[in-house]
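The listed protein sequences derive, respectively, from chains A and B. Residue numbering for the first sequence follows UniProt numbering, beginning at 1 and increasing consecutively. Residue numbering for the second sequence follows UniProt numbering, beginning at 1 and increasing consecutively.
Just so you know, these hints were derived from the structure itself, not from any lab. Remember, it's a predicted structure, so these values are computed and weren't measured experimentally. Treat the hints with care, since some could be wrong.
[Stated by the list, open to error] Label-pair restraints from in silico Cβ distances:
#1 A:343 <-> B:24: 26 to 36 Å
#2 A:275 <-> B:27: 32 to 42 Å
#3 A:5 <-> B:127: 49 to 59 Å
#4 B:96 <-> A:343: 27 to 37 Å
#5 A:561 <-> B:170: 55 to 65 Å
#6 B:55 <-> A:490: 56 to 66 Å
#7 A:122 <-> B:26: 48 to 58 Å
[Said to hold, decoys possible] From chain B, some residues computed to sit far from chain A (all C-beta separations above 12 Å):
#8 31
#9 69
#10 110
#11 149
#12 204
#13 221
#14 228
#15 241
#16 258
Beta carbons are placed, not taken as given, at the ideal position from N, Cα and C, and that holds for glycine.
Below are the chains, spelled out letter by letter.
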Amino acid sequence: MQFHKYDVVIVGAGGAGMRAAIEAGQRARTAVLTKLYPTRSHTGAAQGGMCAALANVEEDNWEWHTFDTIKGGDYLVDQDAAEIMAKEAIDAVLDLEKMGLPFNRTPEGKIDQRRFGGHTRNHGEAAVRRACYAADRTGHMILQTLYQNCVKHGIEFFNEFYVLDICLTETDEGPVCTGAIAYELATGELHVFQAKAVVFATGGFGKVFKTTSNAHTLTGDGMGVVFRKGLPLEDMEFYQFHPTGLAGLGILLTEGARGEGAILRNASGERFMERYAPTIKDLAPRDIVARSMALEVLEGRGAGPNKDYVLLDCTHLGAEVLETKLPDITEFARTYLAVDPVKEPVPVYPTAHYAMGGIPTNVHAEVLRDNENVVPGLYAAGECACVSVHGANRLGTNSLLDINVFGRRAGIAAAEFAANHDFVDLPEAPAKLVEDQLALLLSEHGQERVADIRTELQATMDANASVYRTEETLKQALHDVQALKERYAHITVQDKGKRFNTDLLEAVELGFLLELAEILVVGALARKESRGGHAREDYPNRDDTNFMRHTMAYKQGEGLTADIRLDYKPVTFTRYQPMERKY
Amino acid sequence: MTASTTSPTDQTTSGSRGTTPPVPEGAVAVTVKIRRFNPEVDPEPYWQSFEVPALPTDRVLNLLHYVKWYLDGTLTFRRSCAHGICGSDAMKINGVNRLACKVLMKDLFAGDGKQTTVTIEPIKGLPVHKDLLVDMEPFFEAFRAVKPYLIAYGNEPTRERLQSQADRARFDDTTKCILCACCTTSCPVYWTEGSYFGPAAIVNAHRFIFDSRDEGAEERLDILNDVDGVWRCRTTFNCTDACPRGIQVTKAIQEVKRALLFRRT
Chain A
1 MQFHKYDVVI
11 VGAGGAGMRA
21 AIEAGQRART
31 AVLTKLYPTR
41 SHTGAAQGGM
51 CAALANVEED
61 NWEWHTFDTI
71 KGGDYLVDQD
81 AAEIMAKEAI
91 DAVLDLEKMG
101 LPFNRTPEGK
111 IDQRRFGGHT
121 RNHGEAAVRR
131 ACYAADRTGH
141 MILQTLYQNC
151 VKHGIEFFNE
161 FYVLDICLTE
171 TDEGPVCTGA
181 IAYELATGEL
191 HVFQAKAVVF
201 ATGGFGKVFK
211 TTSNAHTLTG
221 DGMGVVFRKG
231 LPLEDMEFYQ
241 FHPTGLAGLG
251 ILLTEGARGE
261 GAILRNASGE
271 RFMERYAPTI
281 KDLAPRDIVA
291 RSMALEVLEG
301 RGAGPNKDYV
311 LLDCTHLGAE
321 VLETKLPDIT
331 EFARTYLAVD
341 PVKEPVPVYP
351 TAHYAMGGIP
361 TNVHAEVLRD
371 NENVVPGLYA
381 AGECACVSVH
391 GANRLGTNSL
401 LDINVFGRRA
411 GIAAAEFAAN
421 HDFVDLPEAP
431 AKLVEDQLAL
441 LLSEHGQERV
451 ADIRTELQAT
461 MDANASVYRT
471 EETLKQALHD
481 VQALKERYAH
491 ITVQDKGKRF
501 NTDLLEAVEL
511 GFLLELAEIL
521 VVGALARKES
531 RGGHAREDYP
541 NRDDTNFMRH
551 TMAYKQGEGL
561 TADIRLDYKP
571 VTFTRYQPME
581 RKY
Chain B
1 MTASTTSPTD
11 QTTSGSRGTT
21 PPVPEGAVAV
31 TVKIRRFNPE
41 VDPEPYWQSF
51 EVPALPTDRV
61 LNLLHYVKWY
71 LDGTLTFRRS
81 CAHGICGSDA
91 MKINGVNRLA
101 CKVLMKDLFA
111 GDGKQTTVTI
121 EPIKGLPVHK
131 DLLVDMEPFF
141 EAFRAVKPYL
151 IAYGNEPTRE
161 RLQSQADRAR
171 FDDTTKCILC
181 ACCTTSCPVY
191 WTEGSYFGPA
201 AIVNAHRFIF
211 DSRDEGAEER
221 LDILNDVDGV
231 WRCRTTFNCT
241 DACPRGIQVT
251 KAIQEVKRAL
261 LFRRT
């Protein structure tokens with residue numbers, strides 16, 4: 001076992017982690033621990049843009065952006081946080097430009113902006129051009145630019161270090177975060193990182209679903225680690241299904257396509273979004289578009305031999321727009337479906353995309369241990385966190401914004417905390433939990449295979465907990481997930497070696513996935529209403545009387561099969577009263 | 001050299017992981033021949049073959065997952081996004097560098113009902129850690145050495161720097177790089193001279209040298225004028241053929257050479 005000591009340890013090297021590292025690294029001795037090489041992170045898969053009211057191409061202001069974010073989130077957004085995000089968005093984009101990000105430009109040479117779902121002028125009048133973009137690889141350019149600037153600032157990375165636990169030291173005022181435990185993939189060795197402040201930026205858990213835009217590596221490790229420590233996870237039942245995944249595959253096709261004018265059509269060629277969102281049509285927020293698509297298919301108007309998808313029609317945009325503004329998605333359709341978007345519409349269906357919920361934080365990115373108190377020294381930002389700026393449904397582009405605004409805040413806050421505090425002693429035998437966990441996984445205790453359990457988990461989640469849910473389907477999902485947890489106790493890891501044991505890694509990841517799937521389902525069962533990304537067929541309306549509140553899920557007891565306790569947290573309102581959501 | 005070809009059924013200790021999932025309709029059995037090496041236990045690298053059902057729409061990555069998940073859990077490779085964006089799964093497939101998630105089986109099937117064999121090796125020129133997983137450090141070291149970040153002097157503007165659409169278009173191609181190492185590890189010069197920066201590092205230098213906002217061109221050109229710099233390039237175009245993002249890599253290297261000759265950008 002090796003021991004390290006840093007002021008700030010950042011876990012995760014996607015957009016949020018590296019944005020935090022750039023701030024923390026210039027203020028304090030900082031280490032970044034990352035499961036993947038930084039440039040492999042899934043921020044790089046984001047395509048369409050990052051919204052900020054620059055008003056470079058038409059009138060806009062951050063108050064409109066705030067309102068859109070809150071309404072888009074079906075009023076479950078904490079309004080103080082949304083205000084901060086929309087206000088700081090402008091500097092966040094300008095900071096990236098100054099770091100070198102190659103945004104597309106207007107004829108005057110300013111950062112160009114395009115339309116995106118749910119982003120409107122003057123509180124819903126019409127779609128507004130707010131998304132700053134670099135072709136359809138904005139996330140790629142953000143990830144590259146942030147990594148380039150980490151190189152510039154000499155940030156210290158520990159690549160392929162997989163964090164499996166955090167260290168919490170009990171004090172009179174409650175638990176304090178004092179470090180993290182990492183498994184070095186290259187050697188199988190454990191590393192204890194003592195730190196004054198730890199920032200979690202570990203991304204989402206899309207791999208609980210089969211059809212997903214998420215990478216294989218998005219297994220919710222960070223959320224799982226925090227949850228196992230008895231800390232809460234917030235609003236986990238709110239999971240976003242992106243309307244335009246390549247049918248059958250789930251690979252993302254950016255909403256920016258519709259921002260540039262692409263249209264969704266059903267089997268008869270009808271532009272069906274006109275019926276569901278008469279004002280902004282195809283540019284309604286994702287929850288509304290995904291539900292509408294699912295309804296079209298359920299009611300028999302789907303396209304294709306099995307009538308199980310709809311069509312994204314880009315043919316009228318012309319080859320030039322597709323090749324210059326949407327080149328990557330054009331290539332994806334050609335490569336993976338052998339469909340040329342220039343000539344024919346592309347088969348699409350909603351794909352599991354983004355966790356609105358996560359590790360609860362305040363606007364300073366400090367992690368909450370209950371509704372009021374923080375865990376000193378522990379921070380979270382990005383998809384793994386829940387501030388909550390996305391509420392029940394995130395607007396397109398606001399994730400890239402979130403990682404930049406709150407990644408930056410987390411980095412600054414962690415470094416300032418480190419400057420003002422001494423090291424606190426680590427708890428006794430800090431790595432014991434991880435040692436025991438890995439030893440157990442490597443021991444022989446059954447014939448169950450990780451791949452089988454994962455496949456069954458993903459199948460039940462797709463069938464029973466995706467765009468539309470009912471009491472019945474959710475109970476089925478819960479039953480299935482709990483049975484799979486029992487079977488997980490009997491898995492065997494075949495690779496017993498120390499060196500790059502990705503077989504063991506997949507087994508660990510599956511444990512997190514099972515736990516997070518159950519939290520999602522338990523939260524969804526309890527939320528007897530439809531709001532944003534959580535649509536209950538048996539409770540089709542939003543119920544502000546009973547459910548205008550955040551879900552807080554706690555682990556009750558030890559082990560994978562421990563119970564989940566639900567609590568609730570009030571939503572923060574500043575100036576916007578909930579209204580019926582029409583587009 | 002112990003080159004052995006075994007089918008999974010021949011294995012006794014670490015072989016099959018139990019029953020395999022049902023074969024999907026329309027799948028064809030193909031042979032996946034993989035270069036294996038685990039320095040912990042193997043004295044030498046060797047070839048191992050697996051029979052795997054493949055659909056025309058399967059990516060090579062699906063086949064590797066099939067082997068790992070159902071036949072041999074010790075098979076080791078990197079992968080993440082599975083659609084050609086993250087750059088994790090560069091490997092040599094049937095002799096050429098490709099991302100395993102971007103090669104579709106329909107393009108590899110042998111004609112005339114013949115048995116299809118897909119040969120998979122680690123990318124060449126970087127030390128093999130285990131099976132298809134190589135040490136990426138030398139590659140990233142070369143990347144970091146060319147100062148791959150915007151260099152600008154003077155006071156920062158309050159708003160964004162202006163850049164014309166034409167100036168932005170000038171370096172568009174090289175911004176697509178995902179650092180997968182397909183180009184660098186297809187380069188014959190890099191195979192023999194590991195100290196050569198390699199195509200990917202030069203691509204990333206190009207991305208800034210030709211960015212109108214950047215003021216670090218001279219510093220980077222000095223670095224690339226070095227003995228391990230652009231002059232090592234013999235214009236074999238392997239890099240351009242290998243790039244999964246369609247970047248005109250050789251052209252970018254030529255443009256850097258020309259910039260050095262004329263010392264103007």
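A quick look at each hint next to the structure:
1. A:343 <-> B:24: 26 to 36 Å: For residue 343 (chain A) and residue 24 (chain B) the Cβ distance comes to about 29 Å; the hint holds.
2. A:275 <-> B:27: 32 to 42 Å: Once the Cβ atoms are compared, 40 Å apart, the range 32 to 42 Å for residue 27 (chain B) and residue 275 (chain A) holds.
3. A:5 <-> B:127: 49 to 59 Å: violated, 30 Å
4. B:96 <-> A:343: 27 to 37 Å: For residue 96 (chain B) and residue 343 (chain A) the Cβ distance comes to about 29 Å; the hint holds.
5. A:561 <-> B:170: 55 to 65 Å: For residue 170 (chain B) against residue 561 (chain A), whose Cβ atoms are near 59 Å apart, the range 55 to 65 Å holds.
6. B:55 <-> A:490: 56 to 66 Å: violated, 31 Å
7. A:122 <-> B:26: 48 to 58 Å: The hinted range 48 to 58 Å holds for residue 122 (chain A) and residue 26 (chain B), with Cβ atoms some 53 Å apart.
8. 31: Label holds. Min Cβ-Cβ 21 Å, cutoff 12 Å.
9. 69: For residue 69 (chain B), whose nearest Cβ neighbour in chain A is about 3 Å away, the distance does not exceed 12 Å, so it is violated.
10. 110: holds, 20 Å
11. 149: The assertion about residue 149 (chain B) is violated, with a minimum of 4 Å to chain A.
12. 204: violated, 8 Å
13. 221: holds, 18 Å
14. 228: holds, 19 Å
15. 241: holds, 17 Å
16. 258: holds, 22 Å
Of the hints listed earlier, those the structure fails to meet are numbers 3, 6, 9, 11, 12, in rising order.
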